[in-house]
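Participant: Top line first, the protein sequences correspond to chains A and B. Under my numbering, read the first sequence as residues 1 to 308, first letter to last. Under my numbering, read the second sequence as residues 1 to 433, first letter to last.
These aren't lab readings, by the way, just hints derived from the structure by calculation. Using N, Cα and C, we set each Cβ at its ideal position, and we do this for glycine too. One should not assume that every hint holds.
Short, incomplete list of chain B residues facing chain A, as computed with Cβ under 7 Å [said to hold, decoys possible]:
| hint | residue |
| --- | --- |
| 1 | Gln20 |
| 2 | Leu23 |
| 3 | Glu194 |
| 4 | Gly195 |
| 5 | Glu196 |
| 6 | Leu203 |
| 7 | Ala311 |
| 8 | His313 |
| 9 | His317 |
| 10 | Ala318 |
| 11 | Glu321 |
| 12 | Glu429 |
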Amino acid sequence: MKHLLSAADLSHDDALQILATAEQMHDVQRREVKKLPVLRGRTIVNLFFEDSTRTRSSFEIAGKWLSADVINVSAKGSSVSKGESLRDTAMTVAAMGVDGLVIRHHASGAPLQVTQWVDAMVVNAGDGTHEHPTQALLDAYTMQQRLGDLAGKRVAIVGDLTHSRVVRSNLILLRTLGADVTLVAPPTLMPSGIADWSAAEGFSYGYDFDEVLPDLDAVMMLRVQKERMSGGYFPTPREYTVGYGLTRDRLRALPDHAVICHPGPMNRGLEITADAADEARSLILDQVSAGVAVRMSVLYHLLGGAES
Amino acid sequence: MSNHNTFLIKGADLVGAGRQDLLIKDGVLAEVGKAAPKGATVVDADGLVALPGLVDLHTHLREPGREDAETVSTGSAAAAAGGFAAVLAMANTNPVTDTAEAAERVHDLGRACGLVDVQPVGAVSKGLAGESLAELGLMARSRAGVRVFSDDGKCVHDARLMRRALEYVKAFGGVVSQHAQEPRLADGAACCHEGELSGRLGLPGWPGVAEDVIVARDIMLARHTGSRLHIAHVSTAGSVEVIRWAKAQGIAVTAEVTPHHLMLSTSRLDGYDPTYKVNPPLRPDEDIEQLRKALADGTIDAVATDHAPHARHDKEHAFAEAAFGMLGLEQALQVVNTVMVQPGLMTWQQVADAMSVRPAQIAGLAGHGRPLEVGEPANLTLIDPSATVEIDGTQSHSLSRNNPWHGEKLIGQVQATFLRGRATLLDQEVITA
């Protein structure tokens with residue numbers, strides 16, 4: 001594996017290895033001196049075409065604790081409007097002698113395109129409405145911490161699936177790890193071609209949250225973005241919450257052992273009730289803290305190997 | 001001294017109907033005598049098929065405005081190399097071809113270059129804004145004699161404006177060529193056929209139904225107004241069904257399909273290569289199959305390239321941000337040969353109809369699309385139908401390199417093109433005036 005562009009780049013063994021290393025990194029994180037020397041002399045650029053404080057700082061800390069030199073480059077705004085092509089931007093940054101590029105882009109596929117033009121290792125830190133593989137890894141990591149082996153576990157991913165980059169990565173990775181995944185959303189927020197896709201890949205999907213709820217080991221609630229609310233995808237926020245929110249009633253119907261994830265930021269009161277995020281079954285804060293460990297593990301596996 | 005304008009073409013298969021010699025003299029096809037006239041250039045056309053010079057209903061030449069991507073001159077060279085004798089230059093230049101003056105300028109640039117007749121398409125609406133009619137009548141009366149009107153690149157989505165345009169062009173035998181894309185169903189961001197692949201790739205979907213509903217609406221408007229409607233770049237099985245129905249009703253609708261929609265499927269988008277970004281988008285195999293059938297049975301009248309050159313820096317963006325469009329002039333006939341003629345779906349006579357006769361009729365180009373008979377203007381194309389060619393997209397007469405056929409093996413090689421008796425392409429070499 002040279003790059004991490006999609007969760008599909010990870011074999012079952014790759015995924016388990018990254019998750020195991022993440023656990024070791026998590027231990028390092030709890031030490032007083034957190035630095036490991038493994039990426040000393042290596043340069044990583046966080047090339048962000050879209051703001052994301054959470055993801056960017058998580059990658060930055062991860063790189064620094066591995067002793068890499070980390071530089072943040074913000075290329076916000078459409079490169080089209082600035083007149084510079086994606087290729088030019090990528091090659092300019094790469095020409096500075098970079099070992100790794102961590103790319104966040106508002107357009108799907110941009111990190112993959114960049115790999116055609118530069119030699120550096122590329123990590124996809126979220127591209128458009130396509131994928132966000134390190135988010136999926138940290139979700140799997142936190143779920144695994146609480147539930148153990150994810151093989152055979154039942155996971156529902158609920159919310160705005162059309163516009164979510166998280167759902168694709170999670171679906172792929174969870175299935176690589178042997179979990180049983182169901183996608184739940186109103187038909188207007190399902191990815192297009194879901195019937196063909198689910199049939200080809202062997203996962204399930206549905207429009208009825210309550211039907212799947214009692215059998216779940218984990219539920220992942222995805223954010224519904226404000227701009228969708230007036231876009232005619234569903235009539236009102238109130239109606240959305242009744243159909244697809246993790247409400248108090250649904251919390252009662254969710255098995256006691258089940259866990260709740262949300263990649264954040266949350267719309268409390270819309271897709272998730274105010275109480276849900278704070279209850280014992282919630283992994284939401286664990287997800288944030290696992291972010292650094294998982295990204296340390298990813299950077300170590302992609303860049304650390306070449307050194308030895 | 002040899003006469004540059006006298007050619008004896010020996011042994012060409014005339015539109016697939018049998019071998020016959022052709023004499024080109026004084027710009028027309030002449031009687032072949034017992035001996036070659038003195039000074040005639042002899043063209044050995046053994047094994048070649050002769051077609052009436054091709055006519056493209058849909059070309060983007062980018063001049064004026066984006067001369068870094070294509071000019072009338074470079075686009076004309078690409079056209080000649082592809083076997084074309086006439087091209088219709090779309091109006092979405094900068095400034096837009098929405099006045100008589102703009103139309104005459106494009107027309108004159110084409111004549112000055114002389115490789116191919118460049119016939120301007122006039123905009124339907126001022127500035128392609130979709131709000132009020134451009135000066136359709138003045139463009140029609142101009143030296144350019146505009147007959148085809150299109151806001152191509154954009155759909156004339158306002159039903160009332162479309163109705164008025166259809167009605168108005170009746171006065172001078174015009175036709176409205178519609179870019180069928182209901183903008184509420186497929187907006188400017190839509191760039192990938194809506195389906196499983198767009199779902200997996202996370203690319204904004206362009207559903208086929210966004211084309212189908214405009215085709216259906218405009219066909220009913222054409223019936224209501226009794227006007228001529230042309231559907232540009234048909235890409236869906238749904239549109240085909242509606243057009244087939246309309247023709248059975250006797251409604252005056254014609255349609256074109258591009259070489260890329262006949263051959264390349266949406267699966268090409270898998271690697272996010274912007275070369276394959278085009279509007280309407282590449283469709284699934286089921287659509288491609290129906291498009292081929294419709295072309296073969298005449299439901300679709302014409303093959304038109306939608307040749308859309310783009311500078312590198314407009315294509316080397318993230319897929320969603322890259323420019324729409326791909327080259328087509330140089331490979332169009334090869335593609336049609338590869339996917340239609342060689343598999344036995346079309347005869348050469350049908351190719352002549354779809355790539356010359358019908359487009360010339362639709363566009364009202366009197367001197368083009370004529371039979372290869374004595375006394376007719378000597379517009380013709382010679383193709384070697386059996387050569388297998390690996391396309392090298394870096395070798396092109398176009399200024400741009402967004403060639404979706406690069407690296408592809410196609411069957412057939414255009415050898416020569418004649419425009420009113422002058423060789424514009426001979427032995428695959430473009431011959432500028």
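Participant: Hint by hint, note whether the structure agrees.
Facilitator: Going through the hints against the structure:
1. Gln20: 51 Å, violated
2. Leu23: 52 Å, violated
3. Glu194: 5 Å, holds
4. Gly195: 4 Å, holds
5. Glu196: Since the shortest Cβ distance to chain A is 3 Å, the answer is holds.
6. Leu203: 5 Å, holds
7. Ala311: 10 Å, violated
8. His313: 5 Å, holds
9. His317: With Cβ-Cβ at 5 Å, under 7 Å, it holds.
10. Ala318: 3 Å, holds
11. Glu321: Result: holds, 5 Å to nearest chain A Cβ.
12. Glu429: Result: violated, 33 Å to nearest chain A Cβ.
Consistency note: the structure conflicts with the earlier hints numbered 1, 2, 7 and 12.
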